[in-house]
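Peer 1: Sequence:
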Amino acid sequence: MHLPFELILYATLYTKPAIALSIFKRDVDFWTVRTRLDRSYVHPELDKPGKYFHEATFDKHYDGRFADKPLRYDERQEHLSAAVRAYLSKMHEIGIETWLMHGTLLGWYWNRKAMPWDSDVDVMISESSMHYLASYYNMTMHHFKTPGSEKRRSYLLEINPHCWESGLDQDNKIDARWIDTDVGLFIDVTVLRRNSTSTELSEEMWVKDNHHYAYDDIFPLRDTVFEGTPALIPFAYPDILIEEYGHQALSNRHHEFHYFDANQKAWLPEKLAVTTSKYDQS
1 MHLPFELILY ATLYTKPAIA LSIFKRDVDF WTVRTRLDRS YVHPELDKPG KYFHEATFDK
61 HYDGRFADKP LRYDERQEHL SAAVRAYLSK MHEIGIETWL MHGTLLGWYW NRKAMPWDSD
121 VDVMISESSM HYLASYYNMT MHHFKTPGSE KRRSYLLEIN PHCWESGLDQ DNKIDARWID
181 TDVGLFIDVT VLRRNSTSTE LSEEMWVKDN HHYAYDDIFP LRDTVFEGTP ALIPFAYPDI
241 LIEEYGHQAL SNRHHEFHYF DANQKAWLPE KLAVTTSKYD QS
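So the sequence shown is numbered by the UniProt record's numbering: it starts at 1 and just counts up by one.
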């Protein structure tokens with residue numbers, strides 16, 4: 001008997017395997033990945049034992065296997081925007097349920113873009129989708145061309161082998177990363193899990209950094225656009241943002257040396273100094 005293709009696809013994407021496929025708990029070292037650098041800018045020995053993802057020594061928002069210094073302000077915005085578009089497009093293409101969270105969701109609230117002072121992007125993913133990614137897409141490379149340009153950008157999807165573990169773990173709270181292998185910027189991916197020990201509906205769902213959510217806070221997800229690309233956001237996004245950042249975050253037009261220009265619908269820098277990096281050439 002042949003099962004319909006749709007049934008096979010549903011079972012693949014949305015059912016949790018009885019036995020998780022093995023991902024070896026080891027670091028992906030500098031020489032294993034393809035990189036333009038001649039040495040690594042991460043030092044795993046300085047982190048706690050067991051921590052999987054190691055950030056760059058010069059800036060925690062970069063992967064030091066692919067970067068040797070931070071980008072300029074304008075360059076960072078360009079690369080983060082491209083990384084978000086590529087991530088959202090790829091996840092939509094392969095049927096992954098993922099949505100904006102934390103500071104990225106706050107950026108969406110204001111003008112459907114990442115905050116210009118942010119150095120990373122935060123997204124969340126369902127547990128069944130993470131099982132699918134870990135089983136079939138760990139350590140895969142993805143290539144995209146920027147519209148109107150011949151420039152090709154490359155991204156590595158790397159899964160933390162601790163993603164199978166559901167206990168509180170601050171050192172491994174990031175379950176996966178979508179990494180720009182040209183400049184080292186990344187998107188942090190965390191898994192939303194059911195809290196099997198909770199009897200309170202308000203704590204029905206949680207993530208490994210100890211954020212708790214009601215199921216109805218997240219689902220059903222809302223369709224929207226972020227950085228010009230179709231995206232998903234939590235259903236009760238105002239409540240989530242207020243809980244995390246306070247009421248003022250939804251109304252304060254001055255933040256991190258920027259002000260929000262309602263006419264341009266953009267966060268603009270208050271000082272020229274924020275547009276430069278201490279690593280820029282004089």
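I should point out that these hints are in silico values taken from the structure, not numbers from a laboratory.
Virtual Cβ for every residue (Gly too), placed ideally from N, Cα, C.
Worth double-checking, as some hints may not be accurate.
Subject to a maximum C-alpha distance of 27 Å in a straight line, what follows is the list of computed BS3-like cross-link-like pairs (lysine-lysine) [what the hints assert, rightly or not]: (1) K173 <-> K48; (2) K90 <-> K271; (3) K51 <-> K151; (4) K173 <-> K51; (5) K173 <-> K69; (6) K145 <-> K48; (7) K271 <-> K69; (8) K48 <-> K90; (9) K145 <-> K173; (10) K69 <-> K145; (11) K90 <-> K60; (12) K151 <-> K173.
Computed beta-carbon distance windows for the label pairs [unchecked claim]: (13) K48 <-> T224: 32 to 38 Å; (14) P44 <-> P230: 43 to 49 Å; (15) D38 <-> P220: 46 to 52 Å; (16) G228 <-> L268: 36 to 42 Å.
Peer 1: Each hint should be assessed against the structure and marked as holding or not.
Peer 2: Checked hints:
1. K173 <-> K48: holds (13 Å)
2. K90 <-> K271: violated (36 Å)
3. K51 <-> K151: violated (34 Å)
4. K173 <-> K51: Roughly 9 Å between the alpha carbons, so the hint for K173 and K51 holds.
5. K173 <-> K69: Roughly 25 Å separates the two Cα atoms, so the pair holds.
6. K145 <-> K48: Not OK: K145 and K48 at ~38 Å, beyond 27 Å, violated.
7. K271 <-> K69: holds (22 Å)
8. K48 <-> K90: violated (32 Å)
9. K145 <-> K173: violated (31 Å)
10. K69 <-> K145: Distance of about 24 Å is within 27 Å: holds.
11. K90 <-> K60: Given pair K90, K60 holds - Cα atoms ~25 Å apart, limit 27 Å.
12. K151 <-> K173: Violated, at about 33 Å.
13. K48 <-> T224: 32 to 38 Å: Check passed, 37 Å falls within 32 to 38 Å.
14. P44 <-> P230: 43 to 49 Å: The hinted range 43 to 49 Å is violated for P44 and P230, with Cβ atoms some 37 Å apart.
15. D38 <-> P220: 46 to 52 Å: Roughly 49 Å apart at Cβ, these two residues keep to the hinted range, so it holds.
16. G228 <-> L268: 36 to 42 Å: Once the Cβ atoms are compared, 19 Å apart, the range 36 to 42 Å for L268 and G228 is violated.
In terms of the numbered hints stated before, the structure departs from hints 2, 3, 6, 8, 9, 12, 14 and 16, listed from lowest to highest.
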